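Undergrad: For reference, the chains in residue letters:
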Amino acid sequence: NAGVMQNPRHLVRRRGQEARLRCSPMKGHSHVYWYRQLPEEGLKFMVYLQKENIIDESGMPKERFSAEFPKEGPSILRIQQVVRGDSAAYFCASGQELKRYTFGSGTRLTVV
Amino acid sequence: TQLLEQSPQFLSIQEGENLTVYCNSSSVFSSLQWYRQEPGEGPVLLVTVVTGGEVKKLKRLTFQFGDARKDSSLHITAAQPGDTGLYLCAGAGGSEKLVFGKGTKLTVNP
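Residue numbers (the working numbering), protein chains in the order written: chain U, 8 to 119; chain R, 522 to 631.
Hints may be right or wrong, so weigh each one.
Within a straight-line C-alpha distance of at most 20 angstroms, the following computed EDC-like cross-link-like pairs (lysine to aspartate or glutamate) qualify [stated by the list, open to error]:
hint : chain 1 : residue 1 : chain 2 : residue 2
1    : R       : Lys626    : U       : Glu25
2    : R       : Lys626    : U       : Glu47
3    : R       : Lys623    : R       : Glu538
Stretch-level coverage of chain U by chain R, calculated; a stretch enters the list once three of its residues show a Cβ under 8 angstroms from a Cβ in chain R [stated by the list, open to error]:
hint : segment
4    : 18–32
5    : 82–94
6    : 107–114
Pulled from the structure, derived: some chain R residues nowhere near chain U, Cβ distances all over 10 angstroms [to be verified]:
hint : residue
7    : Ser533
8    : Gln554
9    : Ser594
If you're looking for bench data, these hints aren't it; they were derived computationally from the structure.
Here the structure is a predicted model, which means the values were calculated and not measured.
We treat Cβ as the ideally placed atom computed from N, Cα and C, and that holds for glycine.
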């Protein structure tokens, strides 16, 4: 029973490029959550999705960031025109209820 | 805005010692979770506490949720080098998102 799978584990992008981060939830989980962890900071909520629906995107920056969770395939967090401040570890979690999150190993994005 | 303050930020102790880390807020949470995170990995859930005053034990780890559901503590007995890691508390406030503290970085020296 595979856990939450995130890829890539490491991603390097030049300023202005696009970053696509993928998350496949645990089998049977239909809820996906994205969090961002900056150095020396705790995790900050970004967005909560269910299949084909964005439920809560209150933590998403207003520009350049978008997320989707299609009927088929992984959830995608997309960052357009990346800037150095986007460098962080991005974690995806899945669960059927809030009290039983399982996190993936994260994608470490470095913008150069 | 709900905030969780964790203390201490860093803790370095010798194997066999006991320790307590704290998680405090001015806000009430419906539940509180503790995670451990190792370098390069995602957080791993240790425990969820739901009821004010609740105490949960996980081997040498004891978790307590404050009576008013605003604070929590994690006590480790006879710490071992394998306990080294970043300990994060996270609160749920009625929505489907967690508010995380910045964590306590624990180092247990052999």
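Undergrad: Each of the hints needs a verdict: does it hold here or not?
TA: A quick look at each hint next to the structure:
Restraint check for R:Lys626 and U:Glu25: not satisfied, since their Cα atoms lie roughly 33 angstroms apart, outside the 20 angstroms limit. Taking the CA atoms of R:Lys626 and U:Glu47, the gap is about 10 angstroms. The hint holds against a cut of 20 angstroms. Only pairs whose Cα atoms come within 20 angstroms are accepted, and R:Lys623 paired with R:Glu538 is rejected, the gap being roughly 23 angstroms. Against chain R, the segment 18–32 of chain U contributes 0 residues with a C-beta closer than 8 angstroms to a partner C-beta. That does not satisfy the three-residue criterion, and the hint is violated.
With 0 residues carrying a beta carbon less than 8 angstroms from a beta carbon of chain R, the segment 82–94 of chain U misses the three-residue requirement, and the given coverage is violated. With 7 residues bearing a CB less than 8 angstroms from a CB of chain R, the segment 107–114 of chain U meets the requirement of three and the coverage assertion stands. Residue-level check passed: R:Ser533 sits 17 angstroms from the nearest beta carbon of chain U, beyond 10 angstroms. Not every Cβ of chain U is farther than 10 angstroms from the Cβ of R:Gln554; the closest lies at roughly 7 angstroms, contradicting the non-interface assignment.
With a cut of 10 angstroms on Cβ distances, R:Ser594 stays outside the contact zone with chain U, its closest approach being about 17 angstroms.
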